[in-house]
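Novice: Starting from the known structure of chain A, fit chain B with the ligands onto it as the hints suggest.
As a plain string of letters, each chain reads:
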Amino acid sequence: MKTWLTHHLQALRATLTQMLATPFSSLFTLFAIGITLSLPAGMAVMLDNATQVASNLPNPNEISIYMDDNATPADIKKLQTTLSTRTDIAHTQFVDKQTALTQISQQLGLTRLVNELPKNPLPDAWIITPADTDAQHITQLVSTLQKFPHVALVQADYKWSQRLDAILQLGHDLFTLLAGILAVALAAITSNTIRLQISTRHAEIEVSRLIGATDRYIRRPFLYFGALQGLLGGMIAWGVVFVSTQLLTPQVQHLATLYATTFSIQPLSLMQSAALLLISTALGWIGAYFAVSRSLARIEKR
Amino acid sequence: MIGLEKVSKRYPNGHDALKDITLEIETGEMVFLTGHSGAGKSTLIKLIAAIERPTSGTIYVNNHQLGKMRRAAIPYLRRNMGLVFQDHKLLFDRSVMQNVLLPLEIAGFTHHDAHARARAALDKVGLLAREKAYPIALSGGEQQRLCIARAVVSRPALLLADEPTGNLDNEYATDIMLMFKAFHQAGTTIVISTHDQAAIKSGAGRIVHLDHGKIIS
Ligand SMILES: Nc1ncnc2c1ncn2[C@@H]1O[C@H](COP(=O)(O)OP(=O)(O)OP(=O)(O)O)[C@@H](O)[C@H]1O
Ligand SMILES: [Mg+2]
Chain A
1 MKTWLTHHLQ ALRATLTQML ATPFSSLFTL FAIGITLSLP AGMAVMLDNA TQVASNLPNP
61 NEISIYMDDN ATPADIKKLQ TTLSTRTDIA HTQFVDKQTA LTQISQQLGL TRLVNELPKN
121 PLPDAWIITP ADTDAQHITQ LVSTLQKFPH VALVQADYKW SQRLDAILQL GHDLFTLLAG
181 ILAVALAAIT SNTIRLQIST RHAEIEVSRL IGATDRYIRR PFLYFGALQG LLGGMIAWGV
241 VFVSTQLLTP QVQHLATLYA TTFSIQPLSL MQSAALLLIS TALGWIGAYF AVSRSLARIE
301 KR
Chain B
1 MIGLEKVSKR YPNGHDALKD ITLEIETGEM VFLTGHSGAG KSTLIKLIAA IERPTSGTIY
61 VNNHQLGKMR RAAIPYLRRN MGLVFQDHKL LFDRSVMQNV LLPLEIAGFT HHDAHARARA
121 ALDKVGLLAR EKAYPIALSG GEQQRLCIAR AVVSRPALLL ADEPTGNLDN EYATDIMLMF
181 KAFHQAGTTI VISTHDQAAI KSGAGRIVHL DHGKIIS
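Chains as they are written, first to last, in my numbering: chain A, 1 to 302; chain B, 1 to 217.
A few of these clues could be false.
[As the list claims (entries may be wrong)] Restraint-style ranges between C-beta atoms, simulated for each label pair: (1) A:Ile299 x B:Glu5: 24 to 34 Å; (2) A:Leu47 x B:Pro12: 24 to 34 Å; (3) B:Ala198 x A:Ala203: 31 to 41 Å; (4) A:Leu16 x B:Lys19: 43 to 53 Å; (5) A:Ile181 x B:Met69: 43 to 53 Å; (6) B:Pro12 x A:His202: 19 to 29 Å; (7) B:Met69 x A:Gly171: 54 to 64 Å; (8) B:Asn63 x A:His202: 54 to 64 Å; (9) A:Ser264 x B:Lys132: 38 to 48 Å; (10) A:His202 x B:Lys19: 57 to 67 Å; (11) B:Ala157 x A:Glu300: 20 to 30 Å; (12) B:Ile207 x A:Glu300: 30 to 40 Å.
The set of hints was computed from the structure by calculation and includes no laboratory data. Please read these numbers as outputs of a predicted model, since none were measured by experiment. For every residue, glycine included, the Cβ atom is placed at its ideal position computed from N, Cα and C.
So here's chain B without its partners, still in its complex pose:
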């Protein structure tokens, strides 16, 4: 599903965020990306989603080499991915429902189908009762769950989640991890960056540990 060969990323300010990363993720796998703050977890996820370009090395997603893809083809690649951003990236001038509808509108679902799917996704993350609320009125954990609902609503084959349990208390974090496990069992390939020790130790998935931009073990 995902392959990285000798991938390095240097940001324009000269900082080497990733150094010589080689990594293979099979279809249907669940991978926990761990490491200290600044280790390069978010950078790795952004490279896979083609949000950032590697300085050197090649990246394959779904048998496509990202570096060789036409710019116009990238949106279609992204429609097969669910992205949970570390900083949420919710739209605050749209209701909860409208936020979840956005990927479906982009993919061209009809009004009727889109609403049915969005409702199902909101139900899964326990936010159906808040569909008319605006994100500003949601707690941090609820915003996080909204972000997850938006990522899974188009039932992507690949889910990339950057610290989805970042600022949640343990109980919520466990809930959300259970949700990811359910998606995993349904066949979704999942990459989660996390500090959540309980999740990591649960042994539910492979652990990739980053340290200063390098993979350790």
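Chain A extracted, bound-state conformation:
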């Protein structure tokens, strides 16, 4: 146990010494790793925020049915029974034209103007939620509803919502692809710096082996180096993403006020931050492991 601890402390000390010995190139590598990682991390933040915005939009699967002007209460009553017995409709809500007008006038602060209107310009309407939300069913339902007596207009926003979903899905796919490619790049960057290090410490490795060092002992400082480099790179990536979200926040808030909503960019969540650091550390370790194993095998052969 004590031996084990001593070995790890030694390796950690050696790693830090090694990094501080070449501060400039160490820093350069760290930034290369950080920027590389900040791309997928930043993209994750963007996607999360976009998803958030999308889910706050009005339920896109609702269908609005507007009645024409000369629909009598009896007509409305009749339609009500028809709608509520249909199995392809999950939920109906009737909004009479007077309620609609009051709501709008309050929302827009136009009470006085509305009071001066000679006649309510709004129609009676239903907001219904279909039971099946896929495009085909909705299209069918819309055309059926259209044919009912006194129905002036049936409106469904599903096309737009489906497009948004598709775009978000594409974004997620792109993210996965990008993250995969950059993970390989990160392992390669680490692998390369470790290879360079090994080449400068060739004599040390050879002598250590001759006087009883295990492979694990020889590997350890390089693995530490790779992991620490990954971790620090991950921290830089986190910083880049954080600063970027902070820089974008005023603009986004301005935009939000223009749309009369409040919205602020969420930075990386705690889980995402932990995942970022964990993955970057792991990738550094893996890159180092490959580099060391290959180099050791080569030293062995000679």
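Specialist: Chain B with the ligands alone, transformed into the frame defined by chain A:
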């Protein structure tokens, strides 16, 4: 302690460095390995330290048959050996002290214990005053002594020294031989390859004479 049975070594270039060597070295023995340049002294030492593998024959060290040992077990075998290399193999980017500390770090000694031991070893070879120097600043003889300090610092049961007095003048050579005798008296098994006639004739140990890869007498 060490046993070789019908051991031969042919290098990849086809040169037969050792031919059919059978040799037994008891625990606590001191053996001088002699012979002309190219006789196979270094090769024999490398075989015992499992640095090279024999082409045929079997080698036992500490009751372990080297050929049957797992690769991962070899480092632990080496920790029980002190090795003095003909070409020193010192690390020139580390101080004298750090060079001697290396085997102790590998064996997992704590910082405190390791320093105490390293100091004792450096004191024994008369280099304590130079502990902060770098090997490049040492004379040939001092480098040789540093190499010995590194070999004995972990107090191994077996010491394998390849021409430890190779490029020293007589006075230093005698000093170093006296040191080996002291280790021998403390119970260490020692194999020394050497050209040093004075040491050989001192009668302190058994002489194994190699000639073109064969043991003579
Ligand atoms: N790695 C090698 N590859 C090929 N031939 C080698 C190798 N090492 C040694 N030899 C050859 O094997 C023979 C024995 O070499 P070895 O180093 O054992 O001799 P030695 O007795 O130690 O000589 P010296 O007194 O000069 O150190 C020599 O002829 C040498 O050229
Ligand atoms: Mg030799």
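Novice: If a hint holds in the structure, say so; if it does not, say that too.
Specialist: Each hint, compared with the structure:
Separation of Ile299 (chain A) from Glu5 (chain B) is about 30 Å and conforms to the stated range, judged on CB atoms against 24 to 34 Å. Hint check: Leu47 (chain A) to Pro12 (chain B), Cβ distance near 58 Å, so the stated range 24 to 34 Å is violated. Checked against the given bound of 31 to 41 Å, the beta carbons of Ala198 (chain B) and Ala203 (chain A), roughly 33 Å apart, stay inside it. The hint said 43 to 53 Å for the Cβ distance between Leu16 (chain A) and Lys19 (chain B), and at roughly 52 Å that hint holds.
Checked against the given bound of 43 to 53 Å, the beta carbons of Ile181 (chain A) and Met69 (chain B), roughly 44 Å apart, stay inside it. With their beta carbons about 21 Å apart, Pro12 (chain B) and His202 (chain A) fall inside the hinted range of 19 to 29 Å. For the hinted restraint 54 to 64 Å between Met69 (chain B) and Gly171 (chain A), the CB-CB distance of approximately 57 Å keeps it satisfied. For the hinted restraint 54 to 64 Å between Asn63 (chain B) and His202 (chain A), the CB-CB distance of approximately 34 Å leaves it violated.
Distance hint check for Ser264 (chain A) and Lys132 (chain B): the Cβ-Cβ separation is about 59 Å, which falls outside the suggested range of 38 to 48 Å. Restraint check, His202 (chain A) to Lys19 (chain B): a C-beta distance of roughly 33 Å breaks the suggested window 57 to 67 Å. Taking 20 to 30 Å as the suggested C-beta distance range, the pair Ala157 (chain B) and Glu300 (chain A) conforms, at roughly 27 Å. Checked against the hint of 30 to 40 Å, the pair Ile207 (chain B) and Glu300 (chain A) passes, with Cβ atoms roughly 35 Å apart.
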